[in-house]
Amino acid sequence: MTLPGIAGLLLVAAVTGGWSLVAAITPPTLPFGVRVPPERIADREIRMTRRRYRRDLLVTAITATIAVIPALLLIGPSIVLSAVPLILGLAGFGFYWRAHSHLRHVKARDDWYAGTRQVVVADTRLRTDPVRPAWRWWWPSPAILAVSAVIATIVYPDLPATLPNVDELTSSSAQRIDTTPLAAFSPVLLQAGFVLLVPLLVIGVCRSRPELDAARPNVSVRRWRTYLSGMTTILLLSGSAINLTLLMVGLRLWEVLDDTAVIAGLSYLPVAGLVIALVVFEVRVGYGGHRLLPRPDEEAEDIAEDDGSVQRDDDRYWHLGGFLYLNRDDPAILVHQRAVGGSWTLNLGHPIVWLLLLAATVIGGVAVV
Amino acid sequence: MRIVLDLDGDLPIYQQIRDQVVAAIATGELAAGDALPSTRQLGADLAINFHTVSKAYDLLRSEGLIRINRKSGAVVRRDPNSGPVEAGIVDGWRIRLRALLAEAVAHGMSEADIRSHVESESRELRTTERAPR
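In the order they appear, the protein sequences are chains S and R.
The first sequence begins at 1 in our numbering and counts up one residue at a time.
The second sequence begins at 1 in our numbering and counts up one residue at a time.
Just so you know, the hints here were simulated from the structure itself, not pulled from any lab data.
Treat each hint with caution, since some may be false.
Cβ-Cβ distance ranges computed for the label pairs, FRET-style [claimed, not checked]:
#1 Ser72/R <-> Gly204/S: 21 to 31 Å
#2 Pro28/S <-> Ser72/R: 37 to 47 Å
#3 Leu357/S <-> Asp8/R: 28 to 38 Å
Short, incomplete list of chain R residues facing chain S, as computed with Cβ under 10 Å [said to hold, decoys possible]:
#4 Leu5
#5 Asp34
#6 Pro37
#7 Arg40
#8 Glu121
Where chain R lies over chain S, by a calculated footprint (3+ residues, C-beta under 8 Å) [unchecked claim]:
#9 2 to 13
#10 89 to 101
#11 325 to 336
Where is the CB? At the ideal position from N, CA and C, for every residue including glycine.
Go ahead and model the full structure; you've got the sequences and the hints to work with.
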């Protein structure tokens, strides 16, 4: 089998695996991003929705596997290899959205929250004794930036009139770009951006609302601490991983390293390692730490204090299958993502978020022009 | 301490926050000198407007239970071990007590009933020794 054939099949597996994971890592009280009361987590409707979602993903993946080789031969690799993730990604999103909408419909129809006392819960200890990010993991990223800046400054005077175009995974020597200071230093500038962005994100994530379960507050507080501590470490390491990849991109750009397929592949290894670490962490620890075993004393305390209260149904603030959050009364800017674990999203009801999005649109527009 | 809010309940949200902070001080969960989260942070943690939290903190400040510094934020000012009741506190408390007693009398509770309820609630508060949260 040829290289594009293998790449095509790997893409099918990766996108299908990704969507399977998205549905699998959410906690039992949030199937497909829909909040359900604890006594409904084993409901027949939820089981059937999961089964149908898995079946649809599997059928689509099999169809794509059968179709990808003939499509590569007939249409050509460049179109097919970019169309596969797009089509499968959209199909997966469609299945997810349908599952989400179906569960919301069933929940409303059968009034799953009837007779429950819905509450929200906060624990002030998470603020007076907060989770402290392991900042030592941030330091490699400015160190890598410094190394890259030194190399770029040394090689810059001797660079040829054109540079290889390393935007593509594997660049061909035919497409070259003009050597301008911006083009030559672009990896270093991007690195500097990540050096600044990562600590801001870590602070934002630490201040975001913890995912506490009103029915099991003691257990969920400790789970959140473990989860947040792990996630901030991964986030801090991501700065180093991205900057290492950018250093490799820079070395290819400045032709210090030969721009072969092997070197190009190697340069994405740090980021690939990061993604794997994130997935492993999510699978083991779960959404907000829901897979961590409860400590017997905390569980006993939760059971002793249980007054039948359940976490408030907040589906009304989540849109587009549970991917977008909009709550005008919520002062939070960054909120833990509902549909996918291991990520945070912006509160679209917050005026500062509008300004941020406006600024991003303007900067993006200027960059395109 | 833990704050549990019934956002759809009859009791105003600021009142729920205020009552729970008072209860936490009474049971020893919060002691004089303990910090409370900032109004913005607590608002974000509960997904409620921070003005609502401000209102609760203002009430607690006017009742002499917390102090609010611009720099250090809200800090618990007194607890059961901070000495005798401060001047003016009993007057305000008696007004609220009168409303509660009127409610009990209106519903036909006898004086003995009221006394026994007060004694049992008071005993429970004083004997609830919780680990500091």
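Hint by hint, here is what the structure shows:
1. Checking the proposed 21 to 31 Å range against serine 72/R and glycine 204/S shows it holds: the Cβ atoms sit about 23 Å from each other.
2. Under the hint 37 to 47 Å, the C-beta atoms of proline 28/S and serine 72/R, about 41 Å apart, fit the expected range.
3. The beta-carbon spacing between leucine 357/S and aspartate 8/R, approximately 31 Å, falls within the hinted interval of 28 to 38 Å.
4. For leucine 5/R, the interface hint holds, since its Cβ comes within 10 Å of a Cβ in chain S; the closest pair sits about 5 Å apart.
5. Because the beta carbon of aspartate 34/R sits about 7 Å from the nearest beta carbon in chain S, less than 10 Å, this interface hint is met.
6. The interface hint given for proline 37/R is met, as the beta carbon of that residue sits about 4 Å from the closest beta carbon of chain S, less than 10 Å.
7. Among the interface hints, the one on arginine 40/R holds; its C-beta lies about 6 Å from the nearest C-beta in chain S, closer than the 10 Å criterion.
8. Given hint, glutamate 121/R at the interface with chain S, is violated; its Cβ is 18 Å from that chain's nearest Cβ, farther than 10 Å.
9. Look at the stretch 2 to 13 of chain S against chain R: 0 of its residues bring a Cβ nearer than 8 Å to a Cβ of that chain, fewer than three, so the hint is violated.
10. Counting residues of the stretch 89 to 101 of chain S whose CB falls under 8 Å from any CB of chain R gives 0; the rule of at least 3 is not met.
11. Only residues whose C-beta sits within less than 8 Å of a C-beta in chain R count toward coverage, and the stretch 325 to 336 of chain S has 5 of them, enough to reach three; the restraint holds.
Checked against the numbered hints listed earlier, the structure breaks hints 8, 9 and 10; every other hint is satisfied.
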